[in-house]
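**Q** Using my numbering, you'd call the opening residue of the sequence shown number 49 and step up by one each time.
It is possible that some hints are incorrect.
[As the list claims (entries may be wrong)] Cut-off 20 angstroms, straight-line C-alpha distance, at most; resulting in silico cross-link-like pairs (EDC-like, lysine to aspartate or glutamate):
1) Lys62 - Glu166
2) Lys109 - Glu141
3) Lys94 - Asp186
4) Lys62 - Asp160
5) Lys137 - Glu166
6) Lys94 - Asp161
7) Lys109 - Asp59
8) Lys72 - Glu97
9) Lys51 - Glu166
10) Lys137 - Glu122
11) Lys109 - Asp55
12) Lys110 - Asp160
13) Lys94 - Glu131
[What the hints assert, rightly or not] Label-pair ranges, simulated between beta-carbon atoms:
14) Leu76 - His139: 28 to 34 angstroms
15) Trp140 - Lys109: 26 to 32 angstroms
16) Lys109 - Ala164: 17 to 23 angstroms
17) Trp140 - Cys88: 14 to 20 angstroms
Treat the hints as calculated values from the structure; they're not laboratory data.
Even for Gly, the Cβ is constructed at its ideal location relative to N, Cα and C.
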Amino acid sequence: MGKYFGDMWRDLAKNRQTNGFLGKTSTLMSTDEDCSNTMCWLSYWKDMESLQAFANGPVHKKGLVWYMKTALKEYPGIGIMHETYHIPKGHWETIMFNMRPFGLTATQHFVDDKDAGEKRPVSAVIEAKGKTWDKMRDRMGTSDSA
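The whole structure should be built from the sequences, with the hints applied where relevant.
**A** Put into structure tokens, the structure is as follows:
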């Protein structure tokens, strides 16, 4: 299973500028049951169309076919699920203090680099300070004053 997930994440990272993949965060967490662990990948996408294209693309399909034909029989304890949240532009925020980037702060977005004549990836992390940053609605640009 690791091979298929590895192939998928490598392909997404290599082609992120054209496939709408912004980034991912992975973690291992224990579940309520005494001897179970859960791997969790949070992935972030430019839009729903990009996510759908990935889900129907060759790298994802290859892993899905292996899982449905082989893993369910040979590894009955392995389950897979996904959740999708579609949030309108500008209606999210992530606040972090004294920690490494995690979740949305670990993503990259492509912006025009006029000097180089191409797009380049940049971090979504900015330092929030000053009067306009002291309230969530101001930070997200949804206050009446914005």
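**Q** Determine for every hint whether it applies to the structure shown.
**A** So, going through the hints one by one against the coordinates:
The suggested pairing of Lys62 with Glu166 holds, with an alpha-carbon distance near 16 angstroms, which does not exceed 20 angstroms. Of the pairs offered as hints, the one joining Lys109 and Glu141 is violated, with about 32 angstroms between alpha carbons and a cut-off of 20 angstroms exceeded. With a C-alpha separation of about 23 angstroms, the suggested pairing of Lys94 with Asp186 is violated against the 20 angstroms cut-off. About 19 angstroms separates the Cα atoms of Lys62 and Asp160, which keeps this hinted pair within 20 angstroms; it holds.
Among the hinted pairs, Lys137 with Glu166 is inconsistent with the structure: their alpha-carbon atoms are about 24 angstroms apart, more than 20 angstroms. Using a Cα cut-off of 20 angstroms, the hinted pair Lys94 and Asp161 holds, with the two alpha carbons roughly 19 angstroms apart. In summary, the hint linking Lys109 to Asp59 is supported, as the alpha carbons are separated by about 13 angstroms, within the 20 angstroms threshold. Using a Cα cut-off of 20 angstroms, the hinted pair Lys72 and Glu97 holds, with the two alpha carbons roughly 18 angstroms apart.
Using a Cα cut-off of 20 angstroms, the hinted pair Lys51 and Glu166 is violated, with the two alpha carbons roughly 33 angstroms apart. About 42 angstroms separates the Cα atoms of Lys137 and Glu122, which puts this hinted pair outside 20 angstroms; it is violated. Using a Cα cut-off of 20 angstroms, the hinted pair Lys109 and Asp55 holds, with the two alpha carbons roughly 12 angstroms apart. As the CA atoms of Lys110 and Asp160 are separated by approximately 34 angstroms, the hinted pair breaks the 20 angstroms bound.
Using a Cα cut-off of 20 angstroms, the hinted pair Lys94 and Glu131 holds, with the two alpha carbons roughly 16 angstroms apart. Taken as a hint, the range 28 to 34 angstroms holds for the pair Leu76 and His139, whose Cβ atoms sit roughly 30 angstroms apart. With their beta carbons about 30 angstroms apart, Trp140 and Lys109 fall inside the hinted range of 26 to 32 angstroms. Under the hint 17 to 23 angstroms, the C-beta atoms of Lys109 and Ala164, about 35 angstroms apart, miss the expected range.
In this structure, Trp140 and Cys88 meet the distance hint of 14 to 20 angstroms, their C-beta atoms being roughly 19 angstroms apart.
In summary, the numbered hints that this structure violates are 2, 3, 5, 9, 10, 12, 16.
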